[in-house]
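Participant: These protein sequence lines map, in sequence, to chains A and B. Residues in the first sequence are numbered from 1 upward in steps of one, following UniProt numbering. Residues in the second sequence are numbered from 1 upward in steps of one, following UniProt numbering.
Hints may be right or wrong, so weigh each one.
Put simply, identical chains are the same to the list, so a pair is met inside one copy or across any two.
[Said to hold, decoys possible] Under the rule of at most 27 Å between Cα atoms (straight-line distance), these lysine-lysine pairs were calculated in the BS3-like manner:
1. Lys109 - Lys122
2. Lys122 - Lys139
3. Lys122 - Lys188
4. Lys27 - Lys109
5. Lys188 - Lys56
6. Lys27 - Lys188
7. Lys56 - Lys27
8. Lys188 - Lys139
9. Lys109 - Lys139
10. Lys27 - Lys139
Hint data in this document are derived by calculation from the structure and do not stem from the laboratory.
There are 2 protein chains.
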Amino acid sequence: MAARARGTARRIVIWSRRPETRLALQKQPWCDATADTPEEAVRHATLVVLAAPVEKIIELARQIAPALPAGAIVTDVGSVKGELTRACHAAMPATAFFVGSHPMAGSQKTGWENASADLFDKRVCFVTPLADTAATHAKATETVARFWRDLGSEVSTVTPDEHDEIVAHISHLPQAIATSLCSFLAQKNPAWRNFSGNGLRDTTRIAASDATMWIEIFQQNRDEVLRALSRFQDELQGLHAAIANRDWPEVRTRLDRGKTYRDAFRP
Amino acid sequence: MAARARGTARRIVIWSRRPETRLALQKQPWCDATADTPEEAVRHATLVVLAAPVEKIIELARQIAPALPAGAIVTDVGSVKGELTRACHAAMPATAFFVGSHPMAGSQKTGWENASADLFDKRVCFVTPLADTAATHAKATETVARFWRDLGSEVSTVTPDEHDEIVAHISHLPQAIATSLCSFLAQKNPAWRNFSGNGLRDTTRIAASDATMWIEIFQQNRDEVLRALSRFQDELQGLHAAIANRDWPEVRTRLDRGKTYRDAFRP
Chain A
1 MAARARGTAR
11 RIVIWSRRPE
21 TRLALQKQPW
31 CDATADTPEE
41 AVRHATLVVL
51 AAPVEKIIEL
61 ARQIAPALPA
71 GAIVTDVGSV
81 KGELTRACHA
91 AMPATAFFVG
101 SHPMAGSQKT
111 GWENASADLF
121 DKRVCFVTPL
131 ADTAATHAKA
141 TETVARFWRD
151 LGSEVSTVTP
161 DEHDEIVAHI
171 SHLPQAIATS
181 LCSFLAQKNP
191 AWRNFSGNGL
201 RDTTRIAASD
211 ATMWIEIFQQ
221 NRDEVLRALS
231 RFQDELQGLH
241 AAIANRDWPE
251 VRTRLDRGKT
261 YRDAFRP
Chain B
1 MAARARGTAR
11 RIVIWSRRPE
21 TRLALQKQPW
31 CDATADTPEE
41 AVRHATLVVL
51 AAPVEKIIEL
61 ARQIAPALPA
71 GAIVTDVGSV
81 KGELTRACHA
91 AMPATAFFVG
101 SHPMAGSQKT
111 GWENASADLF
121 DKRVCFVTPL
131 ADTAATHAKA
141 TETVARFWRD
151 LGSEVSTVTP
161 DEHDEIVAHI
171 SHLPQAIATS
181 LCSFLAQKNP
191 AWRNFSGNGL
201 RDTTRIAASD
211 ATMWIEIFQQ
221 NRDEVLRALS
231 RFQDELQGLH
241 AAIANRDWPE
251 VRTRLDRGKT
261 YRDAFRP
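Same shape as in the complex, but just chain A (with noise of 0.2 Å):
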């Protein structure tokens, strides 16, 4: 839908598993066709999206290897990079690069029904060519990187094992305590909801999410969560310890510095 919104593709063929969503996406005005299978979608394709769980990402790397026409560039929305580009580079025939992105965009909601067209604009885009291919894949990776940056993504080159220590601590953390915080609250009293201010929602939005998503997330990215996680339980043994203490020095340096960090956030 982006990229038809802002002309930046020839022609759009999309595959999509459940045929119910191919007929329901062939009405849709910004999609060219669908095909039937994976391999028959990226017959004559410049340029592949693997936007699926990390898990099938792989799955169909392999699948439509074969089917790919020579110079294709494959990319994918895969929340975690090490391990998935890895396998899909060693999937991919000799003629065709894979490079993977990670385009920080999305909600607690899925499906194409919640698409919008300008879900990327001026959101952070992963591109995570491999180390050892930096030279082969350099033309595919700005390839990959203006495809984003055309549909208004800010886009950022990191490694595939640099992208998920970084999404470890500001995406799958902030997931593990907001599913947390919710799942201890269900079970502590959940008519307290009731009472909540913005607070408590804001903190607690993204609990909503999708569980078997985040489950392959914390699959796939268990050793980075379990590290990220640990520093955090360590962080919040401290606020505890010093609140417990009557340490109110060290509370305000936490708090301050919580602030400092919070403040420069972009608006």
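Using the hints provided, position chain B relative to the given structure of chain A.
Facilitator: Only chain B this time, still in chain A's reference frame:
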């Protein structure tokens, strides 16, 4: 401002600590007069609203007590109610009534410049009469509840101690979490905030709140905050253990419980 906009007050007299604020408020259309002292401000009042940090509210209640006309009702907007309510009740003369309030409204912004007449609209407001004054303060409690309802709030009447347990969980714990997440990320790599999507943005918004206000809240509600923090730390450790043990059914249980809780929030 809200009381004027909704016609709930005949005459609005304001005292504010800083003379320059009093000067500025004199020019506000919703303010009938300003007073140079708290005593002067309450001299002819039927309803007094103490809007100040928690410690100052108790001081102010003691200061205005001798000046209160017979039948005057005093309330406040403090975020913690147990000790405060007992202290303010004890400070009242025999002919005046203290019934605490806590409107769950506001933002990380402070000061009259950030005032808005619809701040209380559709927000929860706790009214917290002491259990042992329920009979003598029934009429005063109803007056205070009606005041907040007239400003658009949804009033819940609970005891001061129930209130403190509830807000420890739905307000003070989220603050401790948001502050700790920001404090942690500030030390890890502050530049990563530029990669953040709306998830981190929402989860951390309240970390920008005023540090001094929060130290006072943590001081005043220390026991309940520590209890809630400990139980939340157990919950987080439970998720950590489940991910570490690859116990994905347990991870799903927690994600599902959190999602079910969050999905039931009012829109």
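Participant: Run every hint past the structure and note whether it holds.
Facilitator: Cross-check of the supplied hints:
no.: 1; hint: Lys109 - Lys122; verdict: both (19 Å within a copy, 26 Å between copies)
no.: 2; hint: Lys122 - Lys139; verdict: within (24 Å within a copy, 55 Å between copies)
no.: 3; hint: Lys122 - Lys188; verdict: between (39 Å within a copy, 25 Å between copies)
no.: 4; hint: Lys27 - Lys109; verdict: within (21 Å within a copy, 47 Å between copies)
no.: 5; hint: Lys188 - Lys56; verdict: neither (37 Å within a copy, 32 Å between copies)
no.: 6; hint: Lys27 - Lys188; verdict: neither (47 Å within a copy, 48 Å between copies)
no.: 7; hint: Lys56 - Lys27; verdict: within (26 Å within a copy, 64 Å between copies)
no.: 8; hint: Lys188 - Lys139; verdict: neither (55 Å within a copy, 33 Å between copies)
no.: 9; hint: Lys109 - Lys139; verdict: neither (34 Å within a copy, 48 Å between copies)
no.: 10; hint: Lys27 - Lys139; verdict: neither (34 Å within a copy, 64 Å between copies)
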